[in-house]
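Here is what each chain is made of, one letter per residue.
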Amino acid sequence: MTEPAFLVLTALVDEPRHGYGIAQEVERLSGGRVQLKIGTLYGVLDRLAADGCVEADREEVRQGRLRRYYRLTDEGARALEEEAVRLADNARRAVERLRLRQAGGPA
Amino acid sequence: MSERIGRGSVLEERYRRWLRLLPAPYRAEREEEMVSAFMEGAQRGRAGHDDQRPRLLEIASVAALALRLRLGGPGSTPGSSLCGEAVRRAALLGLVFWTMVGGLYAGQAVLTYGIPVDALPDGVMGIGDPESPERVRLVLADLVPLLWAVALGALVHGRPRTAKAAATAALVVPYVLVPPLVSWQVDAVRWACSVLPAVVTVLALAIGFHRDAPPPRLPARRALLLLALPIAAGVLLSVVVGVLGAMVRAGTVPARPLMSAWMWVDTPGLTCVSLLAVTVWCLARPGAPVKPAAPVALAAAILTVPAVLARVGTMPWGATGVIGLNATLQLAVLLAIGITLALIGVRALRAEDGSLTEVPGQPG
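Sequence lines, in order, name chains W and D.
With this note's numbering as the guide, the letters of the first sequence map in order to residues 1114 to 1220.
With this note's numbering as the guide, the letters of the second sequence map in order to residues 12 to 375.
Since the hints were made in silico from the structure, they are not lab data.
Any given hint could be a false lead.
Looking from chain W toward chain D, a few residues come up when the C-beta cut is under 10 angstroms (computed) [unchecked claim]: (1) T1115; (2) G1134; (3) I1135; (4) Q1137; (5) K1150; (6) A1163.
To be clear about the criterion: a stretch of chain W counts as covered by chain D if any three or more of its residues have a C-beta under 8 angstroms from a C-beta of chain D, and this derived list gives those stretches [to be verified]: (7) 1121 to 1133; (8) 1179 to 1193.
Computed list of chain D residues with no C-beta within reach of chain W, every gap over 12 angstroms [to be verified]: (9) A120; (10) L122; (11) Y124; (12) S143; (13) L149; (14) H168; (15) V184; (16) D198; (17) A203; (18) I218; (19) A239; (20) V264; (21) L287; (22) V323; (23) G332.
In this text, a Cβ means the ideal position worked out from N, Cα and C, and glycines have one as well.
Excised from the complex, chain W in its bound form (with noise of 0.2 angstroms):
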């Protein structure tokens, strides 16, 4: 899984947003490192809905425009909850052996 879809699905975990809205909270996930283009954001959102992660949740129209909003699915969650797992113990094993390199241990 990209980063960028990543910092999508977890932007979805609390709440359905739309498309600038998932931009927005991708933007303050990452600590304003991923600045999400809406090209690159539409094709994230739509390789995650080919995968069944994301689907429409509802429509609506503000000041004349359009907003879709997108949840996440059971699945996405799933997918989420996986990656972020695998993460968390590639960062586990990377934090104990620098420890261990700290503490004068194995390379």
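Got chain W sorted already, so can you dock chain D onto it with the hints?
Same frame as chain W, now just chain D:
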């Protein structure tokens, strides 16, 4: 500020213009929400616009999305999927061809530089003194095209990134080692035309195997066969060319009758023969000329365009006799092939996707 980026603003109009890059059915489905998301970002001062113009990265993201959709990404129409498949097959066919050429060059390098001078009847000798930097550079330039084989191997083992890197190196490095002699504008045009077929192969590889493209991984046995056959063909050709060349130089065989054959085993000639073989295959396949052969026909049609340009660009215009006749014949064959393949491809596209200009789910 809000007027400048509000509804119907110049910024919105310009962004909508860029969205026209997207396929019509996708635009019908997504344009409004994409515009909405973009303009919301603009109103809140997000870095996606420059008051009146969408920024370059924003445009690039739309262009990349358009390319993926037109080449078989998620959400693309059956026609776009077929186009994507055709581009990927073009990359694969191109790699098979350049792998054969790589085998030919490598075989010729071994014959020219790797065999003791008096082992061949006429003492074939390469340029530069043995072990001189010039000799090393020339030998390397002849061996580097084997990177096409590396690219093909990587691709059929499901590693498109490695394939792209190897193919780019195979295209560029020989010209870095032995820069082309392009002192005149006409030379530059000839050279550019001659490299077009390889450039198109690399481009097809780069854009066809995007992140959403189906993985090209083949079973190990088929992958090995696909790799071994063109290398073997290239090496065999190099032996035939080398032996015939040596015999001509030794005076055993007269040069004139072999001139025609020569013109069909250099790169433009081999391109012509290879594309002709693919065309015959497409026409002879069961169910031809539409369904099963469609992606291959379209792929070969894509490759025929640079082949025609390369043949025209390197045409020996002043030449008469055997050389002029064979070059004209090659051009005629390539044009006939191109038209045939394009017709098969267009029929297949129409059969596959009558909805190329329609919104899915909406009649007519």
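Outcome of the hint check:
1. T1115: Since chain D brings a Cβ to about 8 angstroms from T1115(W), closer than 10 angstroms, the hint holds.
2. G1134: 9 angstroms, holds
3. I1135: Result: holds, 8 angstroms to nearest chain D Cβ.
4. Q1137: 8 angstroms, holds
5. K1150: 3 angstroms, holds
6. A1163: 4 angstroms, holds
7. 1121 to 1133: Satisfied; 3 residues make the cut.
8. 1179 to 1193: holds (count 3)
9. A120: 42 angstroms, holds
10. L122: Correct as stated: the minimum Cβ-Cβ distance to chain W is 48 angstroms, above 12 angstroms.
11. Y124: 46 angstroms, holds
12. S143: 45 angstroms, holds
13. L149: 43 angstroms, holds
14. H168: About 22 angstroms separates H168(D) from the closest Cβ of chain W, which puts it past 12 angstroms; holds.
15. V184: Answer for V184(D): holds, closest chain W Cβ roughly 31 angstroms.
16. D198: For D198(D), whose nearest Cβ neighbour in chain W is about 41 angstroms away, the distance exceeds 12 angstroms, so it holds.
17. A203: About 31 angstroms separates A203(D) from the closest Cβ of chain W, which puts it past 12 angstroms; holds.
18. I218: Non-interface label on I218(D) holds, nearest chain W Cβ at 14 angstroms vs cutoff 12 angstroms.
19. A239: 35 angstroms, holds
20. V264: Its Cβ never comes within 12 angstroms of chain W, the nearest being 60 angstroms, so this holds.
21. L287: 39 angstroms, holds
22. V323: 37 angstroms, holds
23. G332: Non-interface label stands for G332(D): nearest chain W Cβ at 56 angstroms, farther than 12 angstroms.
In terms of the numbered hints stated before, the structure departs from none.
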